[in-house]
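Construct the entire structure; sequences and hints are all you get.
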Amino acid sequence: DGRILITNQNGNSWSLPKGHIDPGEDEVAAAKREIYEETGVRPENLRLIKKLGSYQRHKISKTGSDDKTEIKTIHMFLFQTEQTALSPTDPHNPKAVWLGKEKVAERLTHPRDKEFFRKVISELSKISSKRGR
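In UniProt numbering, the protein residues as written are 1 to 133.
Calculated from the structure, these hints are not laboratory results. Hints are supplied without guarantee of correctness; some may be wrong.
Derived BS3-like pairs: lysine-lysine, alpha-carbon spacing no greater than 27 Å straight-line [unchecked claim]:
1) Lys50 x Lys103
2) Lys18 x Lys114
3) Lys18 x Lys68
4) Lys59 x Lys101
5) Lys126 x Lys59
6) Lys95 x Lys51
7) Lys50 x Lys114
8) Lys72 x Lys18
9) Lys51 x Lys72
10) Lys50 x Lys68
11) Lys68 x Lys95
12) Lys59 x Lys103
13) Lys72 x Lys59
14) Lys68 x Lys126
15) Lys119 x Lys59
16) Lys103 x Lys126
17) Lys18 x Lys95
18) Lys114 x Lys68
19) Lys50 x Lys18
20) Lys119 x Lys50
21) Lys95 x Lys50
22) Lys95 x Lys72
What follows is the structure in structure tokens.
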């Protein structure tokens, strides 16, 4: 239905689900695992549509500001799921919500997350409209 899943981190910031890649994992497996941990959407319920791209930004500190000691490279993927129930398992990401794509950028905390999302929003709209035909 075109909604986007976002997560609350440490109770003070909102982002798209993401995280680190474990040893032996590829990017897609890591993305599915992190989505499950941060939202409760099971990996087997996720269908990869495409890689949206990558960008870099500072880590967000526990206070919600930039932690300039660490730069992260974030790889973003578009998945589709029929699962709507959310139950995060990661205590550092206590809440996840579905939002209409027009509301996502205003909710995201980090400026680089907002910038990346705004860049890909037109592509998400094109994919949604093709599916609706």
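Hint-by-hint comparison with the structure:
no.: 1; hint: Lys50 x Lys103; in the structure: holds, 22 Å
no.: 2; hint: Lys18 x Lys114; in the structure: holds, 14 Å
no.: 3; hint: Lys18 x Lys68; in the structure: holds, 19 Å
no.: 4; hint: Lys59 x Lys101; in the structure: holds, 24 Å
no.: 5; hint: Lys126 x Lys59; in the structure: violated, 31 Å
no.: 6; hint: Lys95 x Lys51; in the structure: holds, 25 Å
no.: 7; hint: Lys50 x Lys114; in the structure: holds, 19 Å
no.: 8; hint: Lys72 x Lys18; in the structure: holds, 11 Å
no.: 9; hint: Lys51 x Lys72; in the structure: holds, 17 Å
no.: 10; hint: Lys50 x Lys68; in the structure: violated, 30 Å
no.: 11; hint: Lys68 x Lys95; in the structure: holds, 25 Å
no.: 12; hint: Lys59 x Lys103; in the structure: holds, 23 Å
no.: 13; hint: Lys72 x Lys59; in the structure: holds, 6 Å
no.: 14; hint: Lys68 x Lys126; in the structure: violated, 36 Å
no.: 15; hint: Lys119 x Lys59; in the structure: holds, 20 Å
no.: 16; hint: Lys103 x Lys126; in the structure: holds, 17 Å
no.: 17; hint: Lys18 x Lys95; in the structure: holds, 14 Å
no.: 18; hint: Lys114 x Lys68; in the structure: holds, 18 Å
no.: 19; hint: Lys50 x Lys18; in the structure: holds, 15 Å
no.: 20; hint: Lys119 x Lys50; in the structure: holds, 15 Å
no.: 21; hint: Lys95 x Lys50; in the structure: holds, 25 Å
no.: 22; hint: Lys95 x Lys72; in the structure: holds, 22 Å
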